[in-house]
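*Asks:* Chain B: place on chain A using the hints.
Same order as they appear, the protein sequences are chains A and B.
FYI, the numbering for the first sequence is 17 to 319, going by our numbering.
FYI, the numbering for the second sequence is 917 to 1335, going by our numbering.
Everything labelled a hint here was simulated from the structure, so no lab data went into it.
Heads up, a few of these hints could be off.
What the hints assert, rightly or not - Which chain B residues face chain A? A few, computed with CB under 10 Å, are given here:
| no. | residue |
| --- | --- |
| 1 | K990 |
| 2 | L1021 |
| 3 | M1023 |
| 4 | E1158 |
| 5 | N1284 |
| 6 | A1299 |
| 7 | I1304 |
As the list claims (entries may be wrong) - Label pairs and their in silico Cβ distance ranges:
| no. | chain 1 | residue 1 | chain 2 | residue 2 | range |
| --- | --- | --- | --- | --- | --- |
| 8 | A | Y50 | B | T982 | 44 to 50 Å |
| 9 | A | V141 | B | D976 | 49 to 55 Å |
| 10 | A | E154 | B | A1264 | 45 to 51 Å |
| 11 | A | G70 | B | D1211 | 49 to 55 Å |
All C-beta atoms in this analysis are idealised placements derived from N, C-alpha and C, irrespective of residue type, glycine included.
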Amino acid sequence: MTTVTATGSWVQRNRMTLTPLLFLLPGVLFFVVYVISPIFQSFGISLYEWDGLGEADYIGLDNYRELMTDRAFEISLWNNVKWLVLYLLAIPAGLFIALFLNQTVRGIRLYKSLFFFPFVLSQVVVGLVFSWFYLPREGLLNAMLALFGLEPVNILGDPQLATYGIIAAGLWPQTAYCMILYLTGLNAVDPEQIEAGRLDGAKGWRMLWHVVLPQLRPATFIAFVVTIIGALRSFDLISIMTNGGPFGSTRVLSFLMFEKALGEYGFRMGYGSAIAVVLFLIMLVFIGYFLWQMWRDERAARH
Amino acid sequence: MRSIVKTPLAVLAATTMLSGAAVAQDSLSGTLRISSDMSNPAPRAIIEGLVEDFGEMHPDLDIELTVVDREAWKTQIRNVLSANPPDVVNWYAANRMGPYVDAGLFMDISDWWEAGDYEGLESVRGALTMDGRQWGIPYTYYQWGVYYREDIYNELGLSEPTTWEEELANCEVIIDSGRACYTIGTRFLWTAGGWFDYLNMRTNGFDFHMALARGEVPWTDERVRQTFANWRELIDMGAFIEDHQTYSWQDALPLMINGEAAAYLMGNFVVPHLREAGLTDDQIDFYQFPAINPDVELGEDAPTDTFHVPAGAENVEAARAFLAYVASPEVQTEINGPDGLGQLPVNANASVADDEFNQQGFEMLSENAQGGIAQFFDRDFPAEMAAIGMEGLQEFMVFPDNLDDILNRLEQARQRIYD
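In isolation and in its complexed conformation, chain A is listed as follows:
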């Protein structure tokens, strides 16, 4: 009797702490099992030579040493950098389209939907459409170049150009995404501040830079986050458009990791894990920065 009351009162006393913990439990459990623990497993596996079937041989840091001399890894890493830098173009592009569409004319909703449309498409469809667009003989791009009397190019078949061709395809939906983020942000821009700015004689670029953009900071932050993550996850487009080729020139780290660990000729689990670890460390830089930024904003908001 006494015990029951004691337990009851303990639960009752800690209800405010227990309830959220209980609600969080399922999510946390899945997060730990499917996200956190595989990260540590990857660290572990990357120290082994393992084909996924037989015995795993401990080889220390040999996989990482091999990475240092692997040209495929070097190319993939550089391609990741290209993706990161060029993909950010989606943010200014999205901003300007949003500014352009942020007006009240007849049928503006339709125009907005049309601009937003590419984001709704599956990446696979985007990849297919662009690879047809780039086709060396029948492609629309070369038909257009021919109109201007230019030589045809085979963008996806040229190791120098192929990655840029894929990034261009990726920018199409990503720009739409950033645009929608900014359109929402623009709704929250305070008209009184615009008015005040105008009275002070600001217009054009100055108005944009000093009055509008600071108010769009939350939207810009989110746009950065989704674009960086999108750039690091660029897998589907590469797989659809070039399959990593020609001769491996368009691979990024995630694609290389997949090929080495799970592809038809792969099954080097240790080596694939080593690539995954490197990719994780790169992402960690960004994730760390974003978390720090968010923590700072929240602290600022509280004070």
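*Replies:* Relative to chain A, chain B alone:
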């Protein structure tokens, strides 16, 4: 559903006798679980027909058939074999078996070969042998070679080349007529592997090619360079279509169909595609890849598809009977026939379909392939070497000047992979 064999009694008798005297006619019972990668329409009908007919012969036996997409199977087989394996699975011959043989996931069925289960399969036994033991049985194979537009050759007054000089001369004429000699799509790399197989086997012989596959010869060897030098002759004269690195092998087909390219080095599975596209048998024909070095015997690529029994199979007895059934001459004739796979039967006692291409292929492989029969670049070379190798071959076809760099890279990979 089409029925495969109309002589079940004879086969049944043969099968059960082979399986050992103790096995009576209907002693097979329990469940036989088969996981197959025969997912394309024609092969699917075949495996379903096999299961149905085999089931009729053994009424007490339950057969569970799982058909997995052929491409997906290449990665799924690993999971299937390691957890709760079925009794029979599909796979490929030669080095492609390596990972599963090494991991002890395929059952050693040498005893069944010794017991005479597979009479008539002696010639293909080598492809199923690793470490001196046999690990499965083949059920079909097909030739590779040059499929060409007979009408274009006739128009230009060309005949099938048998030597490298004739080959180059033919090609010159074809190029002068405004066409490419060969169509090819190297986007998925393996098509370039086919070219290398043939050029290397013709330049240095089958045995050298296999030594290279086993990692016994450096890629920077002078003889390998000679192979690439021969290849380069074709590349420099413009024998191959442009932009092939962007096309899959199917994408490259229309160029042959509309006459922009005169020929295609490909496996026999290309024939139905050409026929469906409207080319008649008067317009397409086949020739064996011409000799280059007259001192070496001709070797051929003839990839073999196989059945295996996983090491963890539960109904081994039924699996054994099923394998013997599939390998028997009657079944072999039927499943590889024109209504089936349209390929070559593996059993010497089976008859080859009355089809221009099957007949030519069979004749070529049985009479004019003294050098030996290879499986294919990505089945003879270890997987990792094959992947890096084919990438290099594709690069060579686009930028032949990069050869030194490519060969050094492959050599580096060879030293790491085979040690």
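*Asks:* None of the hints should be skipped; say for each whether it holds.
*Replies:* Hints and how they fare:
The criterion of a C-beta within 10 Å of any C-beta in chain A is met by B:K990, whose closest approach is roughly 5 Å, and the hint holds. At its closest, the beta carbon of B:L1021 sits 7 Å from a beta carbon of chain A; the interface hint therefore holds under the 10 Å criterion. A least Cβ separation of about 15 Å between B:M1023 and chain A goes past the 10 Å threshold, and the interface hint is therefore violated. Against a cut-off of 10 Å between C-beta atoms, the interface hint on B:E1158 holds, since the closest Cβ of chain A lies about 7 Å away.
With its C-beta approaching chain A no nearer than about 31 Å, B:N1284 sits outside the 10 Å limit, and its interface hint is violated. Restraint check, B:A1299 versus chain A: the minimum CB separation of about 4 Å is within 10 Å; hint holds. The criterion of a C-beta within 10 Å of any C-beta in chain A is met by B:I1304, whose closest approach is roughly 8 Å, and the hint holds. Evaluation of the 44 to 50 Å hint for A:Y50 and B:T982 yields a failure: the beta carbon distance comes to about 27 Å.
Separated by about 51 Å at the C-beta atoms, A:V141 and B:D976 satisfy the suggested range of 49 to 55 Å. The hinted window of 45 to 51 Å between A:E154 and B:A1264 holds, with their beta carbons roughly 47 Å apart. Our hint of 49 to 55 Å for A:G70 and B:D1211 is violated, since their Cβ atoms are close to 42 Å apart.
Hint check: violations occur at hints 3, 5, 8, 11; the rest are consistent with the structure.
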